[in-house]
Amino acid sequence: MTDHSNTPRTTPRASATFDDYTLSEIRRAAATGIYDIRGGGAKRKVPHFDDLLFLGASMSRYPLEGYREKCSTEVVLGTRFAKKPIQLKIPITIAGMSFGSLSANAKEALGRGASAMGTSTTTGDGGMTNEERGHSTQLVYQYLPSRYGMNPDDLKRADAIEVVVGQGAKPGGGGMLLGQKITERVAGMRTLPVGIDQRSACRHPDWTGPDDLEIKIEELREITDWEKPIYVKVGAARPYYDTALAVKSGADVVVVDGMQGGTAATQEIFIEHVGIPTLAAVRQAVKALQDLGMHRKVQLIVSGGIRNGADVAKALALGADAVAIGTAALVALGDNDPHYAAEYEALGTRAGAYDDWHEGRDPAGITTQDPELMKRLDPIAAGRRLANYLAVLTLECQTIARACGKSHVHNLEPEDLVALTIEAAAMANVPLAGTDWIPGRNGGF
Amino acid sequence: MNLSLKPEAAEGETLVDLATTPLRALNGALHKLAADTNQTLWTVANPAGRHAIAAGLDAPITVEIDGPVGYYCAGMNKQARVIVHGNAGVGVAENMMSGFVHVKGDASQAAGATAHGGLLIIDGNASARCGISMKGIDIVVKGSIGHMSAFMAQAGTLTVLGDAGEALGDSLYEARLFVRGSVASLGADCIEKEMREEHKALLASKLEAAGLLGEVDISEFRRYGSARTLYHFHVDNVSSY
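These protein sequence lines map, in sequence, to chains A and B.
Numbering that gives the first Met the number 0 puts the first sequence at residues 0 to 444.
Numbering that gives the first Met the number 0 puts the second sequence at residues 0 to 240.
The set of hints was computed from the structure by calculation and includes no laboratory data.
It cannot be assumed that every hint is accurate.
[Unchecked claim] Sample of chain A residues at the chain B side, in silico, Cβ under 10 Å: (1) Pro144; (2) Met149; (3) Asn150; (4) Met175; (5) Ala200; (6) His203; (7) Glu217.
No residue lacks a Cβ here, since even glycine has one placed at the ideal position from N, Cα and C.
The shape of chain B in the complex, shown without the other chains (with noise of 0.2 Å):
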């Protein structure tokens, strides 16, 4: 395994090259920290798009991958801080549990699917299905997102700077959506909402988190959420179905 200290390398910082390390190499030496790990720094070079980078990680490190990344990276994340200089494939940070994922470029689709916990930062644009059956996760993006966003999503909060395509939180449960920018559509049981003090504090908290507090007026944004008509199946509901 090419796991070598850069010349360079700061104290406790570990350099991976994955032109010449295999990926399985990677992610097998981030399962085995321990939770008191010395090694709290990774770098990881020439990603070149490889699929499932730092996937299943359960440690308190930070990993930066200097380059674009494929499909799943930091999938099931625990605790870790993955930070992804370049864009980013299907599914980054699909079912993290904890921990934080940062974006720097674009994110493809499904970014966030299914999350339960963590901090999904997006510094680009979200393609289609953002927060695809979210369970507890929160999703900041600043540029727009594609359609059919937050689709049954459940619990946690989806917060755009930028734009929402179409069919808005189609099928929605209890995440909350907020929307700066303009919605295409709302899908099926998904209704724009009040926007009241302890909505705008919610707010308020997820924008502090990924540093934007300040930076952004929070009375631009809408809230949107389940009108929860779809709850239980009913024929009067039928045309929904």
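So here's chain A without its partners, still in its complex pose (with noise of 0.2 Å):
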């Protein structure tokens, strides 16, 4: 008999296609028989702002002085049709969260953090709640398939109206609050039984595609009086196309959300396979309001994966005119905080990685119904945090914007960028690194 006992053995190998997540998702898929829901926008690693770099001041460009000289940040949204445009101090607005999905004091928070900063928060699938209108000096009023809790006073009350086509997270998507979530406050909102799972539609009920959509905005703008800027919303999967059928249909601003913008509860699969990251999808937009001849005209805003300073200078660089948050936003007011983690770690996950948010069991009280749990969200401190968070990222914007030498955030420009990687500077059409190659620019490759 051979002895082995001696025989030198390879390293365990995992296999990079069937890496630990994925096993685990198999044998959670084959135990349940039904696929896997969760908030959150994409987690895999995507091309994104990080590939791009300023390249700042220098021979050729002079610098603005920090601190001494100005560089403005208020940004006007609503300027093609809307007789009162919204007026924003800074760049930087709030996504759209539905009460519902968010707590009430998440949703105040929200409102206190944003107003603090001279910025716009947004309600979401589900309607708009006196708490939340009362905390938000600038609100923007969604207008969705579902139309839950859409109602004509409200919509007078809003100060814009966002027709929401689709969102990064889920292009082509509806929605799902689990039962958990419906409780009989959220159920009256809705119109529904309480506790029951809500189904959001995917599609709206009473229009079809870019004509129809423009009779539709027609009727919002005779309906307000044409005072309230209407935005079009969509996920980023055709982003020249969607823009430029937006500005066709009479929007006077564009949101543009790419896969990394969060949703409330979606198909892991659903939110990490459809739709193009925001990167790709920023200068497609850009480009289609400039063949319009109406960039700067109708004004767009991106979202999806905006976490500091630079991202947002990043986003205005390539045409955007402001960006809006949703998922660090949440993080601001204490969503994933490490002071929690022995809870998350009860719930089988960590601080940090909890996204179960449709279960309705968050321990910092933000993605809940729960009573007990909203109490521990403090709004007005929350919404402090929110508000110091939205300073940072401008202030850093700012420092950016100085360095390039522009005295307003606005004048940020592509030719500011270069990327770090091919695919970048493919996406966002600017030059490789150290080159200047644009891949695909003149036909070239």
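Take each chain as given, in its own frame, and dock them per the hints.
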């Protein structure tokens, strides 16, 4: 008998294709027979703003003095048709998130933080609450396929209307709010029985396509006497054509949401495999506006994975007028905070990875309707944290803009940028760093 | 703005000719009316299929429209009575909150879509998705309705004197459907239910509101509602998703 005890053995090697997460998902699927639902946006690594760099000033450009020379940040949205455009002090807005998916305290905190910084917040599927309206100096009212809670009184007391065609986490998908979060108040606002799973339709009930949307927008303008800016929000999928068609439909503002943008609850497979990254969408949307001669006339808001002032500056440099934040705003409020590490672990996850927002058991009291958990979030303190965070984003964006010699953040331009990767260079349509090569430019490859 | 009184106009009646008056002027004037206005009767001539006529009203007035209207006539209506002497385009009375809308002709798709309240009467037929996502409105259709009607209908009643197209009441919530004629097929989670006395009384009240009580036999109607099997997302229902 041969002794193999001294034969060298190879190190156990996990499959790159069947990695630990993939194996766990196969086991979960085999045990349950149903797909995985979670909140948040794409978690996979995709080309992003980190793959771009600013060049800053040099011999041919001079910078502005930090702290002394002015770098303006105000933004006006809705200048095309609306009698009363939205005037923001900073180019960062709060994306649509519903009361229902978020607690009332969380919505109040978003309103407080945004208002303190002179920017807008946005309702979500499920309608407008009085607290939200009361704490938001500028509130965008979403017009969604479900029309839950939609009514003309709220339409008239909104500052702008956002027709939601899609969102980055799930272009082409509807929504699901599980029964745990359908409390009496949430159900009442949505005209549904308490405790049932609430489905949100994936397309609007009374219009299909851009020709119909043009008529729908006309109706909304007529109802509101042409006062309110009307946004059209699309998930990043075909941003060139979607932006062009939104303009054709009469939008004042186009919102393009990349795949890193969050959702309250959607299938994991949908979030990770449908739609394109934010970086890939911005220049396509801007090009559509430029080709139509509508850049800066129809404003562009970009969202999906905005985390810091550099992301803001890069989105603006690529041609956006403003950005919107959702996930980052929730983190600023206290979502996924290590303070609740033990409780996240008890839920089978950890602080920073918790994404079962639809289950309503959020230890931070944000993505829940549980009365006891909700109490954990102090809306005043959380609102202050959000305001602080927005201030930092703005200061960081101004810092970069001054370094590029810009007296307004809107003066940032693609020529201020280079890319670290070929992919990012192609997507953003800026040169690969250290070269003058833009993949695809002039028909080259 | 050319909002002129007809020489023969009744007291309180205002005639608006959309051949010479912009729609914006009409809707703007209607929106400015106070709750106690004396201008309680408006007659609109030459609508010519214009969209969003009388949209966003919120006053106890009557608007008579002499001819066909386009999309979203009387959209989001509150309080007002809107009478269309002709056919109506897509989404008539969409998201109505209260009041009364009467289409004397046929209606296109999505009539009464997402509406929370009020009464919509259609003398002729209604096309596909009649009452889609309705949230409390009462709809009475004297003719027939198209496919996917009452899709995801949440609350209210849909009464049809004629026939219903395919997939009636798909993914229905708590709306109540009464159909006198045939139903081509029922959608997911929509079933025929027993017509008990309380349902006959409910149907009678809707027919009475529509001025039809006594003109049709309530015993000829069948009731449809939600089986409520899809109210909770479950693997056993996967074939329905």
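Going down the list of hints, with the structure as the test:
1. Pro144: With a closest approach of 8 Å, the Pro144 (chain A) hint holds.
2. Met149: 6 Å, holds
3. Asn150: This interface hint holds because 6 Å falls under the 10 Å limit.
4. Met175: 7 Å, holds
5. Ala200: 6 Å, holds
6. His203: 9 Å, holds
7. Glu217: 6 Å, holds
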